[in-house]
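Participant: As given, the protein sequences belong to chains A and B, one line each in that order.
So that you can map any letter, position 68 of the first sequence is 68 in my numbering, and since no number is skipped, the others follow by simple counting.
So that you can map any letter, position 385 of the second sequence is 385 in my numbering, and since no number is skipped, the others follow by simple counting.
Worth flagging that the hints you see were computed from the coordinates, not collected in a lab.
Since the structure is predicted, the reported quantities are computational estimates derived from the model, not experimental observations.
Heads up, the beta-carbon is just placed ideally off N, CA and C, and yes, glycines get one too.
Any given hint could be a false lead.
[Unchecked claim] Quick list of simulated restraints, FRET-style, between CB atoms:
#, chain 1, residue 1, chain 2, residue 2, range
1, B, K534, A, Q173, 36 to 44 Å
2, A, K60, B, G633, 18 to 26 Å
3, A, R154, B, Q625, 53 to 61 Å
4, A, R154, B, Q576, 53 to 61 Å
5, A, V136, B, N615, 15 to 23 Å
6, B, F635, A, K276, 37 to 45 Å
7, A, E139, B, F635, 34 to 42 Å
8, A, N177, B, V385, 27 to 35 Å
[Stated by the list, open to error] Here are the simulated DSSO-like pairs of lysine-lysine, each with C-alpha atoms no more than 27 Å apart in a straight line:
#, chain 1, residue 1, chain 2, residue 2
9, A, K55, B, K440
10, B, K234, A, K276
11, B, K109, A, K143
12, A, K60, B, K67
13, A, K262, B, K238
14, A, K237, B, K631
15, B, K67, A, K143
16, A, K211, A, K237
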Amino acid sequence: MIQDKKAHMFGMVIDLDKCTGCGSCTVSCMAENNIPFKEDESNKKDSLTWMRVYKVSNGKSFPDTQTAYLPRPCQHCGGKGDHGHSPCVTVCPATATDYGYDTGIVSQIYTRCFGCRYCMAACPYHARYFNWWDPVWPEGMEKYLSPNVSPRMRGVVEKCSFCYHRYQLAREQAYYNETDEIAEDAYQTACTTACPAGAIIFGDLNNPSHKIHQIVKPDPHPDPLNHDVVRKSRNPKVFRLLERLGTNPKVYYMSEREWIRKLGDSYLNGEWEKVKNHYGSASHD
Amino acid sequence: MKVDRRSFLGLGLGAVAGIAISPVGAKLTDDSSIWTQNWPWTPVPPDGKISYDQSVCTLCPGTCGIKVRKIDNRPVKIEGRDSFPVNNGGACLHGIAGIQYLYDPSRVKTPLKKNNGRFEPISWEDAISLLAKRLGKIRENQSPDTLACITDTDLGSVAGLFRHFMAAFGSPNHVTMPTLESWLALTAQTLHGSGHTLGFDLDNADFILSFGAGFIEGWGSPVACFKANASRKKRDAKLYQIEPRLSTTAAAADRWIPINPGTQADLAMAMCGILLQENLFDPEFATGFKGGLNRFNAMVQQKYPLEQVAATTGISAADIKKTAIAFAKAKMPVAIPGKGRGNGAQSLKEFAAVHTLNCLTGNINKKGGTFVKPVHNYLAFPDPVQDTVARKGRARKKIAASVQELVTKVNQSDEPVVDTLFVYNANPCYTLNEPMQAVKAFEKIPFVVSFSSFMDETALSSDMILPVSTFLERFEDVPSKAGLASSVVGLTSPVVDPVFNTRSPGDALIRLAKACGGTIAQSFEWDNYETCLKNLVPGIWKALSRDGYALVLQASPTGRVETDFAFLADNPPTIQLQGDFDLTLVPIDNMRVISTVPASSPFAIKTVSDRVIKNKDIFVEINPQTAKGFKNGGFVTLTTPAGSAKVRLDFNEGIMPGVIGMVEGLGHWFDNKYVSGKGVNVHELISPVIEPGSGLDAASGIKARISKA
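All chains should be built: construct the whole structure from the sequences, respecting the hints.
Facilitator: Written as structure tokens, this is what we have:
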């Protein structure tokens, strides 16, 4: 793990009780990152949506059924023990995806990618998408493309970058202002700023003054039961997806509803009952 | 030369060594990797100076402030504008996708005129003079009232200019589409007298009782509602949702109370009865009641006994009572009417009954309550100059009070009742129930002029299209509506020059008026729309142009308002669902699909779930219990008295047994491969039913059945 105190650890917490599933984050992401669209986008396996909103249900029958929405960007995994060996990074033969030890962001370099899609197979969150076709915009629409993000070509994999170009802009701005600090609101992802419900909170998990740090309260110690799992939240309402895999995502979810928290992982019979009450890490109380 | 084994191997090895040493291989590999990384067909967006323009989104009645990021002169991204009184940062997906509308494949790029069933381009000058000539003939024939006009709303200066034109021309036949705002205004007018409308302080209310309003699915001003909902937990404010299916709002609510479709009005009446009987109404506020509170009370107790309403609505009597009491005992309760987005077919009885609950609690014109607001007219229109023809025509009887009625009258009459029809920013050929009736009526009307940005169903059914600029290309004042507590006017300003040969609707109308000459031209003495707008809003122009918005009512209204119960005391009938099939089809409002004008953007359609649209087929929500004998995901034929359609079944535990839900806003048939031809327009399966009290369509559903496809 990087010991440099200055290293950032950008992360996100999404309040599933505030999320209305409106899709603003998805569209904001598509508009920000030059994501194309096709005539038919109903095959969700080839529909490029870096930020995808899933609808989840408690599985009960009428009238006890309950539903909620779960937005899923790239989880920016730190890998086992948070050493930067994210599932996708370790399998990439082209170093087209890499772990940024100074930001905690998992990058994707399109021009290096040759489309083997190992990373897609390795990703437990289906956060990666393959460009089966070249992007085509209807006549004139390419005029709205942003110069900050290069449009991708067929044959490469793409995914959420935590709007890395916004980080670059914020860094340039900080350099221009002759400061070292990047203020919390100077670097926010497109989905965060778009969310009309304010359900997404983005910031530096390493910075105690950032809102995300205060909500997530990341545990400085590894999980005593599973040393691969670090940065576990000490907030009992906060969870991560498939946390016990040890992928150490930097995207956290928050809900007061137990059934939603339980959906964060696959539990064997009785397992949930054991963990649900000391959900955060064992050291949190 | 003899090739033996030795020389063969020698040559072979030599070749291998040669190839290995030669730079050709490396060069070719290098070239091919360079070549494969050249993608000339992938656009490289040009870089430039970043700037931000402020404007207001007009895609829905929400009135959200937006900021548009531009690279040099290209708008690249829309985001919510911070410190705007309505949305205060944040925007919905449709607003964010707004730039796509600039270059939408279905945009009308130049004025078009239909010749022998085909649209042909025509210049603005020719189009205007042709239209002016036609209008001149109508006036020569002393029948100016055969010009009719449909606009999306009657608020704001653009709708005002259409109204002004109709007045100067001499026709009383200006009708507007039914919106949440028009329903709220009608409700306020019925209960509190004309010139009022309703606003809800949902940011502060501590108990929201929603009678099917898609509170976080596009009802009212969506972003403002999302924010009010997000702060509920912190404020400890409750939300109860009463509707037949587990909508997103119901799922987010503290309680979801499933109710039989179309019985919300009865429930609200019964709840009024409970409040009156249990003495849970505000006696101080009751002193402002007119028109027989006692008569209303007696009627409610007699016609809406709890047990009977429990049977009609499918909610237990105990539950109704408990909910009514919880509502009445809350400190700041607000009941909100309007199913789904609250536009289109709704019931005045239901709106009035729900608002009566608000009146009874006395939480009117108070923080966290319902505001009975005066409709503030901030527009200083000069009196139209009218000649004798105009005055005579204006005095004639209105053909219809609503768009629905206009369509019916045109279709029923043997003679042409309307000679020329203007349609602005409305798509009745798609949004009305039984929209093909509107298409038929439009065919029957000799000349239909569509002021439209897009080649939608209504534009396709018209004879001339005057293409108007989108909200990113023009000025417009946007008054807040749709139940917002504040009274704000926002200013939409052009962030980019018109991409195509389009004009602002105001400019088109001013030019048309000038071409008509005479008193009509005298009524439109402005040079262009921009100067017209400045002249119309003298009091607030300074604030508008400086801040992008102006508050027209500084403070929320206070004090008691008079409430007249006469309408409800007469017990207007509840609209029954048409048909005698066993199931009920109801439209679903999905936040990601626009059901009015304009149609959804490609980005919005991309986000739609594959349990709503798969390939070209639409799914309908149905409870597995109801769909016994059918397969989840299987095709069925859905039949209603209005028609039938092939749909797929989405087994869904979140919908009442016996109810089928179909998403609104799909099944477009204009030319746009990203948006059109997907699914079915639910309104084609629903027949209009006119509610006696309002004279408006109140069919919020219809009886249906499913059979093997």
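Participant: So, for every hint listed, does it hold in this structure?
Facilitator: Status of each hint after checking the structure:
no. : hint                          : in the structure
1   : K534(B) - Q173(A): 36 to 44 Å : holds, 37 Å
2   : K60(A) - G633(B): 18 to 26 Å  : holds, 21 Å
3   : R154(A) - Q625(B): 53 to 61 Å : violated, 46 Å
4   : R154(A) - Q576(B): 53 to 61 Å : holds, 56 Å
5   : V136(A) - N615(B): 15 to 23 Å : holds, 19 Å
6   : F635(B) - K276(A): 37 to 45 Å : holds, 42 Å
7   : E139(A) - F635(B): 34 to 42 Å : holds, 35 Å
8   : N177(A) - V385(B): 27 to 35 Å : violated, 59 Å
9   : K55(A) - K440(B)              : violated, 40 Å
10  : K234(B) - K276(A)             : holds, 24 Å
11  : K109(B) - K143(A)             : holds, 17 Å
12  : K60(A) - K67(B)               : violated, 43 Å
13  : K262(A) - K238(B)             : holds, 25 Å
14  : K237(A) - K631(B)             : violated, 38 Å
15  : K67(B) - K143(A)              : holds, 18 Å
16  : K211(A) - K237(A)             : holds, 15 Å
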